[in-house]
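Undergrad: From these two lone chains plus the hints, build me the complex, please.
In case you want the letters, here they are:
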Amino acid sequence: MKLIIYLLFASVVLLSSCEEFLLEKSDKRLVTPTRLKDLQGLIDHSTIMNGRVAAIGERSADNYYLEDATYDALSAGYMRNIYTWKGADIYSLDENDWLYTYQTLYRANLVLLRLDDIPRTTDNAKEWDHIRGQALAIRAFRYLSAAGIWAKAYDAATAETDLGIPLRQTEDFNEPSVRVSVGETYRQIINSLTEAIPLLPIGTRGYTRIGRPAAYILLARTHLFMREYEKAERYADSALQLTRTLLDYNNVTEDKFPSAQNNPEILFWGGGRYDYNGEIFQVSMQRIDSTIYQTFEAHDLRKRLFFMENTDGSHSFQGHYSGGNSSTFFGVANSEAYLIQAECRARAGKVVEAMQTLNELLANRYDNTLPFQPLTATSQAEALETILLERRKELLFRGLRWPDIKRLNKEGANIVLTRVIDGQTYTLPPNDNRYALPIPEDIIELSGMPQNPQ
Amino acid sequence: MRIATFFMVWGLLQVSAKTSAQLISLSGKNLPLMDVLKEIRQQSGYDFIFAASALEHARPVSMDIRELPLKEALRQVFAHQPLSYDITDRSVTVWMNAETGASRPDVARRAPGVKKTPPEGMVLAYPIVRGRVVDSVGQPLVGASVRVINVQGKRTTLQTKADRDGYFELRNVPDDARLEITFVGYIKQELKTKPDMGAITLKLVPSALEEVEVVVSTGYQQLPKERATGSFSYIDNKTFNQQVGTTILERLEAVGNGIVVDRTYGSDPVIMVRGLSTIEGPREPLVVVDNFPYEGDINNINPNDVESITILKDAAAASIWGARAGNGVIIIVTKKGNYDQPLSINLNANITVGAKPDLYKTSQVSSAGFVEYEKYLYGMGYYDSKINRNPSVDILSPVVELLLLRDKATTAGDKAIIDQQIESYKQIDIRDDMMKYLYHNMVNQQYALSMRGGNGNFAWNASANYDANKDRLQEKYNRINLQYRQSFRPLPNLDIQSSIYFTQSNSKNGGEGYGEVTTINNGFFPYMRLVDDQGKELGLDRNYRSAWTDTVLRGQTLDWKYYPLSDWKHKTRKLTSNDILINTGINYTIIPSLSLDVKYQYEKQLQETVSLEGVDSWMARYTINMWSQLKPDGTIQYGYPYGGKYQFTNADLSSHQFRGQVNLNQHVGDDHEIVAIAGGEIRMLNNKSNGGGLYGFDEELLTFNSNFDHTERYPSLLGGSSQFSNLSSAPRHTTTHFVSMFGNAAYSYRKRYTVSLSARTDASNLFGLKTNDQWNPLYSLGVSWNIANEDFYRLSFLPNLRLRTTYGISGNINPAMTAVTTMQYNSGSTTFGTPYGMLQNYYNPELRWETAKQFNIGVDFGARNQRLQGSFEYFYKRGTDLFGNALLDYTAGVGKSITKNVSSMKGNGLDVELNARIIEVPFKWQSRLNYSTYRDEIVDYLLSRTTGSSYIAYGGGIRQGKPARKGNPVNSVFSYRWGGLDPETGDPIGYLNGEKSTDHAAIRTTTTVDELVYHGSSIPTHFGNWTNSFGYKAFELHVGVSFKLGYYFRREPISFEQLARQGIGTGDFDLRWQKPGDEQWTDVPSIRYPLDSSRDYLYEFSEALVEKGDHVRLQYIRLNYTFQKDQFRLLPFRMAQVYVNANNLGVLWKATKKGVDPDLMMGTTHSVPGSYSVSVGLNINF
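These protein sequence lines map, in sequence, to chains A and B. Sequential numbering of the first sequence, starting at 1, is according to my numbering. Sequential numbering of the second sequence, starting at 1, is according to my numbering.
Hints are supplied without guarantee of correctness; some may be wrong.
As the list claims (entries may be wrong) - Lysine to any residue pairs mimicking SDA-like chemistry, simulated, CA-CA at most 25 Å apart:
#1 B:K906 / B:V859
#2 A:K256 / B:R389
#3 B:K386 / A:V420
Simulated from the structure, these hints should not be mistaken for lab results.
The shape of chain B in the complex, shown without the other chains (with noise of 0.2 Å):
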């Protein structure tokens, strides 16, 4: 149709030109000046050619001219319209006066389309636009993207690229039309359309502080972030590469939203989303790696190789997860190429290096103070067992040593000389040589490079990272990332993608550190010196005395010594990990509006450990010494196999994870739009693992003691006797399968309300043994109300305002939670060689499913410019049929307690997120601010003790298996109410039945839980980060800072009974009450014989001892200068960055005024604390 419009207007043209005559005479008054016009050509046989707007812009004529010239005719019929003319080869070119500096319009020898009926003989045209895209130093931007945007703002189907020159051109282009041109890694730009555009001047993208369109990523679908309903938080690459390091969640704690990481003592820091929903289930939040949970080691996947990532916070948004959702989503997006992208290469480098950890920062008894301890245990026969023992073999410490010599010396003389030498060790502090010899500055490495491309069909991405780390204590860890990714689209409907992800990992054991060097019952002497004077290494004594260990089996034996700073050379441990993934997937769109997708992915993991306690560790040399015998013919026979003990551990890893899913897109009209998936899913994973061990290992050929004899039982220097068991372990082996449905779907109406609705259900073979309670359906309900685009709203300022809000039901699986007793069995030996049998789980009847019910509600708003954008949103949460540790009288004989459904809890927080520009020229300062609140609170618990020892534990006492009490927080903090201490004796007072008292054995076991003092919860009440951004021409510095407030911990004690025994004993000690008037300033008591376990208890577990949390640490600081090729024109490539971040930098803000970091602090005696690091890097784009 348009063809042939086109040759009829073809051909007009043409015959009208033939017409010819030169003198123009016309008069008239306001004339139309189409008419006017009209004439002339009739006159004059000239052709005349509009473009569109000078046909709306023309003012009437008035004129009365005779036979003039055409030309001259002319200038006076256009002598005050807002047009321009010109003249060639017979015919007459208008157009509206440009702004400015019109040239001439390039006029279509073709006519164009035509959109307005122009006069009889008159030609409508379109102009050609013409331009060029250039970058800022006037290099052509090759293959950037023209489109064509109508006056609805939507992209049409016209377009085009720029050529190897940067020009560009484009026909038909209507001129109420804009352009848009884009180019990867460059500032978009959309501009009016005029036919010469000229030179379109496309500005770099800076390295952060520009907005990008922000898609969230469900594993499932792309949603744009302003149709979803449900909360997700975006990090995008640029705020996630504000930090340097190895792996990729130890990120999140400084740039999440939502996010806090729970380092209460009893286990490893877990990542909490909007706090608890589980109290006994994983609590770990699902880690997804692009579609797919990823099944391995989550630290195997490179930093470097992420795009963004997005946190699913609430029930709506996790729901597509089904049961593992529980606890919120994080999902990982990697980068991918992209099509139509030229090839761009990145390479990134940096170097971290990190300070020696500040040991005097722990807490320690000082040696002047021990080594008086010790005195006075001395003379009060504390150690008289251990001396009297025949033989004394028990290790007393060198100043106990000294004591005892002491009292055998008979000369006045001899005892100064001793009092002399126990008076040096009060000088001498462990710290001193461990900080000089044993611990030394961190080195990490980290080289990424990665390369993308694409043309029209096909798109790829390559990278290839290796991270080389060697840490404080010089223990090895590297790591080797390989990718390749790849996209390809046969046919304009069909989109086949393909990936491999290749992770070689290897670690190596590094030195023993502070409370890892130990000599006496897992502790050591505070005054233990790791060299001599001259430098050279030490051996100590451990566990033995050496008057037993230097005479024994008459000396024969190998040496009894410990090498504190070489032992780990000996004693090594190494771990190898290989993991691949690969991804294949297709796209196949059926009719524009859905879409088919089916996906693949498989994973093998392996991963083998292998230790050996080589002959020369001190491991060896006492197992091998402690089971010798000495022969009639005075040597040595050996009854643990002399040599080292070398094991092995193999697991091996594998999943299998297919989906099918339809995408439905489908618009109805302009009004209604329904975005929907459904689908389903099978999952497969199984582990393997075997094990196995020589004993008699020669490291250096190879060889070990293959006639061992493991029945046998070797006797043992300190009587008694021991087998020594096969190292081999029986294989095993778990297979899981989980077979999923979903469904999602959300209908807009007027792209103002949304409705969405997602279900899910699952089924796996790890509920029991039965399939009883499976296909447990999850669903969730949401509403979004776009304010912003109703007709009556007219904030202008605020261009961005939604509302919207969910509803829904997750749960959570507990796999080893079965309601049928099962049990396991054991190859180890028994008297008749079969296996015997333990009991997993107990039968349970009233064993449910935990259900997580969640409400949220938010809004998000954006201000003009997206000076200030973010959200604000609340929660409310309800876990019913929790498990929960429940005391148990045990008389039922599975165990003091047992994990049941116990519990209901309830929780509610508000996130907010905020994002502003506040300064943007020509200073940049933009800030980010992620402030999340959350508490919870225990409905109802069932079957708990009211004896308040129960509820005490360090951090919060759900972590460690204690009840809650209703009422409270999930993780409380409790403490014995605290009476001083008491100014005759310096004892400790607590409460008895209201009154004071020192009784603390009764303290102890008859205090209510309702007589403790409820301090608040363990977990931060709220709780956040702020990181800001500054950008001066090419200099940006980013200052990450996170706070978390409104919580309890309870600071590391002083007992004097684990000091005794173990040397072990905070600075506090040093605090103790002497005298009478101590009390007025301490809270630490008297040192008192005999040593009395409930009296530690009580100060330990007293109000005394309970500090508030509340802390802001300075996590980073990044400073990076960009070199762009528009400044340095002699950069050979296109941008080039070089940073420098400083890490870990302290706590700048803390309530409790004792000398001890909240988060470090984990109740756990010698938390070494960590350093600083700062990292130097360069990241280069080409």
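Just chain A, with the same shape it has in the complex (with noise of 0.2 Å):
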């Protein structure tokens, strides 16, 4: 009798203690992000916040083409259909641009929701604002890529009422998912951007942070976008008066540019993905298309640094900024900087600074061992002509061509896409439904949100 009154009493004794017993952490590595260093981790995880940036729209663009042969053998029927602007089923059914878009859009939010529980006080100050100002700024930086790809070209006139992007901003997965205005899409844009930039740091220490020089370059990218240049160019200014280092290519050895970390030009980085079976921008696949490769002039350095030559005498583009290994560049260089900022200076008709700039910038890239002849232009015309060529030879594969086309058409240029394939004639004609890419037909369906008129 007595051990059971033993038993009873290390029951009663047990009991009381086991709510401590029971909360041991399962796991030591596992925490819940509630602090402002758990926040950081999460910012730091590079290959989502950095890597897996939307690349869909450069596919779909004209800075390469593919053989027949290469087409013929593409292994699975959707990257035919991106290449032919098909407007559905251009998603591989396991993964795509979307969904990594969303994955690192949710991290920038969960950042900012669990900013919002931690206090900000005098100790902490300085490094719960670096967290906003990178988590806004990342926000900021997938929310352009995607609006340039799922959405149609700003234009102040339909803003308002042309399809844009979803903005979630909620960590429950459970609330449904609505697309807002383009307007709207472009408003949350720089309000992120412009609350972010006096939250950054100037200097960063690493490419993988971003810091307010690329914040800068970010909005100024927006504007430009948004076809708002005199914004643009202020911004692109402001970019440049913290920072106007360029990576001289007389210094790159053994034809091959530095790793990123050690590439001074790099302000953000960001890759763009390489698709799941990564077929279309492989070296061995893509080729450039010769009437860009003519444009390089033979000193020019980036003839020698971006293009190998192929068997049969074409070329395929392979300068990528990604520090040697194979994934393609999509983040925030300076020379976007100089570049929008001469682009800009043109279109307000500032010729003289605008062709200055863009000299500032080309005196990095040709061969220093002969003189370098600084470019002109006589008109405002000539000027924006060359600025504009100069920009698409320099921001070759960086995901920029896709929304500069929707824009220059926006402007009247015209730009008409073809692709030609055994014989057969593709075209997409300036401002098609098709400039903004469908939607994978899953979320449509899932979401109930509405599609993409192709």
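TA: Quick look at the structure:
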């Protein structure tokens, strides 16, 4: 009988102490993100936060073409559909750019939501602000990339009715997604960047964390896409006031760009998503349009660094700022600030200043064993034409061509894309509905959001 | 009291013996015998001593005698009596005439306890019962138990043991009693008592075919099966050991009830008890060894140490295990020593030889077909982008290389020679060399020695096992098990048990087999040769063209070739596991009906994995080469350090489990019986692991490159550069704590009606980082009615009949699920040297526990003499709030699907278990049938898409995270409607909006699930096994057959795209449509260029490739011959058995006409078929 009493006693002791026993952390590495350190840890997951930037726009653009044999040998129909702007069935069933774009956005939003729960004190203010700035800037970066692909080009006349992208900012995945207007989308991007800029440091220690210059360039890029050139110029100028550093291609040895951390021009690293089957962008597959290739002069170092010659005499692009690894660079580099500034100055009629900015950039691109011949323009139109060509040449495969075509066609550039396969020609006329790529069909089905008309 | 009577009677005897008169006079009619004898006693002074039965059977006496001598007088008195008598030493003993040849009973000199009052002066005596216990050759069975069983059939306290010559003697045995004689290993005998039992011969228990009392173990208590209300399936030692093998669980499929092994595509085979109870949670049943869940690798336990296995199938049986029991529980009971058991030694040794697999049973594109395909693709320019790449590094097949040469050849003669060379490849089949050089016979050896014994208060058991296996690819595995277990009973009511079980196992990799020897994109060319004409091993080009590898870096690299026959010797992987299990337990009986159990178990498992990519392995040579550079002086500069790569991981598992439990077993009168347990349990589980590795490792000198820079980027020959990260990994540590309270009570009335109730509640630190939602109570109720015990029950041919039913709720834990957002740190390299965080779980406020409710009703029956016994059971279950993969609008940012409570399902089925003794003598035939049905259906499924492609997968889609459709089984096979082949082009035709169509992409994207063809379940809906045992004299033959019926599977397709890219394709390629008219006899589409994965996809997932999975498999045949000492007197041991087993004998019948094994067909390419094996073994008992 005594034993039973002991046992009962033991049970009581057990039950009272088990609360603690049951609170023991089951995995030492498992935490709920509640501290500033945890939030910075999430931002530093660079595979997600820096990598996998949507690339389907670049695939749809005209910087490259495929040989018939290459096109035929593509293993999946959806890749061919991307290439020919079929307007449907352009995504792998397993993973796609929409998935990764919003995966990154979820994390940025999560950081912002959790930050609200952490009081900002005098002790943590600097770190707190830094984290908020980073999350806001990354969010804006991905919204901008998505808007350039899945929404029509910004047009002030129709922005409030054109379909934009969903701007999810919640942690609960049970909440439905809703598309807002293009105007709302761009306002959100501008607001995020405007708030982020003063919170970000001017210089950063690492290329994976975004700093103030990169945020300014993103803001300039946003206004450029909105064709608000005055503002674009102002923010490009702000960026250039913080840093004018460029990579002098004369210092590039062994025909290879330095790794990202050693490339002073890179302000924020972003990797273009290398597709599941990756085929289109493989050096062995894509061919650079020869008309572009021809525009590079012989002593333009980019001609050698950007391209490799194939056995059949054609050329493929290999000049990614990706530190030698095979992914494409879709991040923010300082050269873009120069090009935005130059373009906007030209559009404002400041031809001389515009060409000056352009030449400052090009001086770092030409072989310095020969005297540098600055480019000149006699008219605003010539300046703009020169600058836009240089923009295209400089920013090849940076994920910018597709939104550029959309914007420039709005300006009346009348860029008509054509693909010729096995004798058949496919054409994408300016301002075609298909410039807003279809949202993955399963998303439309699951969310009930309206699809982009094709 | 008894002693007092004893002396009184003794005194009486002595007194009455003193009077003496020799002549007797008597007369009268129908005098009671007693009166007559009383008179004689008075006249003669002789005592009369009776057995009790003699008094009852005496007849009245009529006689008239005058002064006859006593002897003559008695002769007349007893003339018509059914009694015998004897006169000795002034007393007369009277006893019943025995049936035959009764000898004189020994009369107790000291009178025994008197049961009925004898006539005055008469002594009622029970004879001493004597006898001798021997075996069938007359050898004494020393220590055999002899127990007295009373009229009610219960054991009494009266018992003894046979002495060293086998003799025993029992006094005071009531003559209506029976004797029960038992001896371990022998069939027990129950005999009517008689004073001289003579030699009682016990027969050895034959190796099988005899019934044993079934006591099922729940891990918490032992229950006689007839008293349990729940659903228990019991596999005894004999049945279990009809198979030979290294591990335990692999044997269950062939003998278990309600068990099916799900081998659908997607992951390792899973044992399922009564189908699914969860969709996304852990599906494996809980495995319990003796009293506690086994946390280590269950393959550590040696089958030779297993005494019996009990499968707990329904909620009532399993509910005592709480939240982990939702998928059923398998209880493994290991062997123990018994008190009062003489030493017994058992040795079991066997060797199993398995045949090489028959690779020709795998479906592979013919070499001739593949060569033609390559020619076709070459003509279409498929290889152009590889060929034109600068430099052209990607491997081309030997045939494509020849085609390239042919294009460059200038003369017709050269072209003809090349054509001839190309033709020659059509004759080569990679499987020839693989069968000849790569595969070997499997050889498994198993040795098991065990000993046990015990005396009155001590019992022990020790065993040592050794297994050494070498598989078909020369992978080695060996295992040592050492066990010692003892029970000690220092006081009659205190029992202390302890045991230690140690396992050490080692495994070492073998060769790379069919499908693993790859040369291109994880594929290979079907016409590869592994050796040259001289039998010398060939080196193959792997992934890169030799035209490039031979010249790059001016040919100064290491060899780039891959040697499939020997590469595995340089790329080694060794696994060592040490496991120790220590158990102690105390059972203290407070009062006879109440006892206390305290049990504790400690387990520690250390596993070490060491892998080495030696410098001679292809992987090491490739890596070194690829990151080499040519220095200006022409020598090689290594980026990746020269040498091997050595990696290790150590995993350390430890668990403590403690349990306190009170057991009540109370009888109130004859009518009421209460059996109850209650207790609490604490479990702690710790998992730790760490790992690391070294670059530039030299396995001979044990040196490595210590100053290798992990942060540097090293340029690759193909452009770009790579870092080689530090091989050290951060230590991991997880801790699981459980606290549980449980109780279980059963009340029986008059052994007819039993009501049982069980409840359990668990809490752990797993469910998120909060203690909410813990202490989720789970319970069950059960009722049973033993109809056969009712007074009105008269069916003598069916002496056992019992009805039982239960209902219960069990739960399922998915430890990975939490409702809050959690993250995990990873110490990967960021630019800042700080760890980065990865999200693990996403905030999900709607998360709830899974619950599974189960209703079970069953009937147990047993025919007379156990000719037929078994049970029928029906169950119904309902799972709600089941976790499932919900397709998600991935705009949410947490992925394409999420695990959440999405589904509810219902399931039902029938379990039938029949054991029949069909023929007993002289030939024996016993049969055991387990037959089960199982059907389930999705009752509800939230958030699913209607697009058909979401539901399409190999096997059941659920296993691959696909949604399920309401109204269909959880694992359903769907396919696209098949419209045959286009007679003009051989294109596969599907249906788009109800019309025939060849717009394959549109069919894939727009077909809804309702437009798909639904075939049925991908897991069997009818399944079971049937074992037959035949015995004749010392021979026994056991045949085990299993069957799976009522399900569908998807046959391996031909994907033309995969064939082009990887060289992998089925033999269906050769059956493809080639010309109009072919569509009449084939469903295999034509080849077409450009390759179109949508076109392949439609065919792959069309009706045309769905087959019925029904099949019957011959699992094993065992033949054994037993030498008994009673037949072979010279044998130095008690029993020896020689056995031969044939395993994995293949499919006896299958519904599909295609040459595939539905169970091996997992939708994966290159699943190498199993092969039969034969074991020969010897089992000796000393």
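Undergrad: Can you list which hints this structure breaks, lowest number first?
TA: none
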